[in-house]
Structures are given as structure tokens and as C-alpha cells.
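Engineer: One-letter residues, chain by chain:
Number of protein chains: 2
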Amino acid sequence: MEGEGGKAFVGVDLGGTYIKFALVSGNIRILQRRKLPTPQEGREAVVSQMERGIREVGKEIAICGIGIGTPGLVDSRKGVVRGFTNIKDWENVPLRDLLEERMDIPVFVDNDVNMMTWGEYRCGGGRGCRDIICLTLGTGVGGGIVINGRLYRGHSMCAGEIGHIPINVRGPRCDCGGIACMERYVGNAYIVERTVGAIRKGKRSIIPELVGRDLSKITPKIITDAADREDDLAREIWEETGTYIGVALAGLVNFLNPERIIIGGGVAKAGEWLFRPLRKTVEKRAMSLPAREVQILPAQLGEDAGVIGAAMSIKDELIGRSR
Amino acid sequence: MEGEGGKAFVGVDLGGTYIKFALVSGNIRILQRRKLPTPQEGREAVVSQMERGIREVGKEIAICGIGIGTPGLVDSRKGVVRGFTNIKDWENVPLRDLLEERMDIPVFVDNDVNMMTWGEYRCGGGRGCRDIICLTLGTGVGGGIVINGRLYRGHSMCAGEIGHIPINVRGPRCDCGGIACMERYVGNAYIVERTVGAIRKGKRSIIPELVGRDLSKITPKIITDAADREDDLAREIWEETGTYIGVALAGLVNFLNPERIIIGGGVAKAGEWLFRPLRKTVEKRAMSLPAREVQILPAQLGEDAGVIGAAMSIKDELIGRSR
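Keeping their order, the protein sequence lines are chains Z and S.
Quick note: the first sequence uses numbering that gives the first Met the number 0, first residue 0, plus one each step.
Quick note: the second sequence uses numbering that gives the first Met the number 0, first residue 0, plus one each step.
Chain Z extracted, bound-state conformation:
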């Protein structure tokens, strides 16, 4: 087999606002990047924008394959996006066939969280493991599962919804229809909501200062800044948030006995303010053997996890490595 460094793959990460593109070498270096707005007119415009971005990052080199991560439910075997409501007409799109026809290059399509998980597994925080769980904390809480070195997709291709593990029998209703889902406590908006609630109740904090008294400007980043400046409320908010996530993860540690849990996404940027209570909760609440064995680590690829995972996915698909 020729040196893999000579081959290049394109990874595409479709979001509601931007489409990110990267040209990735066989030995996993990003050679080119591009970011284009996501067209709002519907599927034809999105597919054309994808083609444009792929051609731009790949114009100086022969591309061996294209991997695409998209939000929503994806049938990766057929390369079909089953559905995603935030992009117009992005439902039952045979994305693989559409792009293969236009580009004449092999295409692999999967859910964006699976792509991130695969990126972290192959070249990030999960490298060298067999069984990992990947968690992404942001507006929502997503997750991916690697078992026996393969992405586990589940019976209807929708496995990994870690954010929708209930952490209480009774509690607030979640957007998914469930009750007391973990996401309902630690999704971006809910972290902010708890913070605003505490400030309105008179809890002392420097957070109102940091946002010029406009509480609608509070974000997880602001709360982290406040925690860095020894703000008690901010630290309590992260302590609570880490505990909630830790309760769900303690259950998964007992159930799945994973080797590593990799945590990324915007909210994970709170760093040790979040990871310390989270790890402490897992240590205290999960059974001693699996709790001792599991490593809980921040994701390593940051914003690149999606495009790198997508590029690795098509690469692995082409060399016949089972995913």
C-alpha cells in the first residue's frame, strides 16, 4: 500500500448556519479549510454549496473521498438523510448519491455527532481504545458510542442520545417529550436560566457586571469567566451542572463499563469548573471497579472534530476498516 500521506480526503460538517470544509491528509493533517454560509433555500442550494466548498478546498490535489456529517437522522448505509427540521427541505435527501453523481468521488454520509465521535476516537481523546462514549455539550446534549472499535448506531440508527437520559423520576418536561432528561438541566439555555434565576432571587455575583446588567447576555462563557474570578454563584452553577451530567454518566459507567468518556462542545470549555464535580460525582456514585477504570477526558479536536471525523470516515470506509 502506498504511503497514506499522499492521499487526501475532504471532511464536510453541515450546520444550521455554516458548512465547514477541510482537506485532510491521509496522516490526518488539515491542509485546507473553508467555511461557507448554509443556504436557506432548501436542499438543492445546500448540495450546490457543498459541491462548491469541496471543489475549493480540493482544487490543488486529487481527492480520494468525501465524508459528510449532517445533523438529524441519517441512514449511513444508504447515504440518506432521513430528516432534520432546522434546514428547509432537508428530509429524505439521498445525499451520497447526489454528491457522488456531481463529483464522481466516493462519498460517505453520517450524523454529525457520529462524525465527531469518530474523529475523537480515531485521532483525538479516544485514540487507542475499544469502547468509548463521546458527549457533546451545547444547546443540546448529543452523544456517540464506539463499541469494539466500531460506531454503534442502534436498531433504528438513532443511538447515542445521552442528553435524553432521565436523571429524575419527576421533573421538568423536555422538548423531546420526556421528563427530567439530563439535557433539560445542562443544555446551554438551562444553565443560563438557572443562573438568571439565582441572580433574580438576590444571589450575589459579579455576573450582572460582566454583562452590563443585561441578564439576557449571560452565556456559559460568561459564567466561566466569573468562576475564574472566584465568583461563588458561577462556581455553584458549574458544580450543579457537573453533578447532573455526572449522575447520568454514573449510570452509563455502570451499564456500559466504557474505557473512556470524551466530553466536548461549547459548554465543556468551562474546563475544570465542570470536569471536577463531574468526575467527583462519577467516582462517588458509580460502582468502584468501572468508576476506577474509566477515564473522563476533554475532547481534543475542538471545532475540527466534525470535519476530521468526516474525512476519517470516508478514508476508513475506502480502506475497508469496519466502522
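Think of the hints as simulated: they come from the structure by calculation, not from any bench.
Given that identical chains are not distinguished, each listed pair holds provided it fits within a single copy or across any two copies.
With a Cα cut of at most 20 Å, we get these calculated EDC-like pairs of lysine to aspartate or glutamate:
| hint | residue 1 | residue 2 |
| --- | --- | --- |
| 1 | LYS283 | ASP174 |
| 2 | LYS202 | GLU235 |
| 3 | LYS279 | ASP174 |
| 4 | LYS19 | GLU302 |
| 5 | LYS268 | GLU235 |
| 6 | LYS279 | ASP231 |
| 7 | LYS220 | GLU239 |
| 8 | LYS220 | ASP231 |
| 9 | LYS202 | ASP213 |
| 10 | LYS283 | GLU238 |
Assemble chain S onto chain Z, guided by the hints.
Structural biologist: Just chain S now, with coordinates in the frame of chain Z:
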């Protein structure tokens, strides 16, 4: 390959009180059964009792292999029982090697819940699926996981502890050291405790009559008998129990998107009193796609799941079917 019906395997199920033995044909019919007391003197006596039972059920036929399910942590690759506190000296026992030496027949050893899971997967409620979860409800709540048609054991061989998934952030401490584990609400003793508590608080019920006013005689079976006779308290107890189990399962349905969940063990004999609220809770609380797809079914092999699973395990091991 010759007709499998001509081959026979012995399945052994080690419990704290009894060791069960079955001679199982290649086409999964139980040809012989035996039940011997579990010696309390320690490992040598237990291994000798196993040898005796195996020779008894297998005396009229050539046995191709022996499968043994034992409680506790088992390293099935090495055939070593890592530890189990309820049987004296049952720790770091190289059970496979000990028995292979005595019997000169291939032996396979695994955790008892994994054996039951494998039995249900191969010849019971999970037949024909790829991804199932098995749940056994009794004094404790155990579980097994089949993924891609193989038993999933986890990084430290201790996966499947469904009973130790927390269902509340705050709640009673569990024997495992965790907080608000599902088992802490639905283990045998806790079902009884809730029932006794309600009766002591003056809740009307026919249960005291059924146990001749001796509340220490209440068992899940008694509660089921009372529910059959239209006892409101008994029905409420099962409703609650099904809800608690359903909350944990809703999380697993979202996380793992399994094809089937198979539920056995003594407490599952409550039948529809338990299954109805359990299924209703999963339907209401899990996300619509995985909730619609999953089937939640009672185990089919009953008390035989352990010995059949053990026999199937060694059979599959010998024919090289990956487990």
C-alpha cells in the same frame, strides 16, 4: 457438518444455594436435569460438586463441552472467576482450567447474568435480533447486553449493571455505594418495604390477610396475588415499580436504541401488572422513534435461561461463533 442434534452440551448454573445442571442437545432440548446443593466449605468442594453433577447428567452420552455460569465478576477469556463474596473462597478461581483438567472436556465460564442473556438471545425472547438488553429482576437487578450479535462485556468485564443506573439525583443510598440506583427502588426487598410501609400507614389492602397478619411474610408473589384479586395497594405498588424500571429503561432506549428488551427474574412474574406501567413509561418518556421500535418482552426460558445459556455458550465457543 454433522447434524447438531447428535451433540450434547452441559450447562451449569451456580447459585448461592443450589447448583443446577442440564444436559442440552445441539438443537436446544433439555435431555437431563439435576440440582445439587452448593457446598459451603469453599472452592474445592464446589468444583467437586460441579464435577459430580456434570458426570450425572452426562453419564449416558458423550459430552462435547461444558458451560458454567457463576455469580460475580468473571474473566471469560481466561475462564477465571475474579470474585464473589457469597460463596466462601470463590475468588480468583481458575475454574475453566480446574474443570478441564478433571473432565478432559472443553469448558467455558462466564458471569451468570451473561449466560442467561445469551440463553434468551439465542433461544428465547431475543432470538433473531442483533441488539438486545436483558434485565433480571429479583433480590438484585442484573442485566446483560448483546450488541451486533455478541455479548458486550465492557472494558473491565463488568458491563450490564442496569440495576445501578440512578433514577434520581437525590435519594436513598444503594448497597453499591451509589445514590438512588434503580435497584434501590425495585429490588425484591424494596418492593416489599414500600408495601409494608403503606400498610403500616393505614392503607387498606387484602395483603395482611393473605399473610395471616404477619407482614414479614410479604413477597412479590403475594403482592401479585393481591393485584389479581383487585387489591388497589398491590396494583399501585406494581404501577410504581413499573414506572421506576421504565424511567431507567427510557434512558437506555434513548441511549442504546435497542431492538428488544427482555425482562426476566422472579419479580417479572408479576406479569402485566408490572409490564403495563413499565411499557407505558417507556412510551411516554423515551423519544418517539426508538420508543416505537423497541419491543419489551418477558423472558421465555424462565429458570432454564442460565443452564441453556451456559450450554449454548460452550456450543457457540466450539463452533467458533463469535459471542
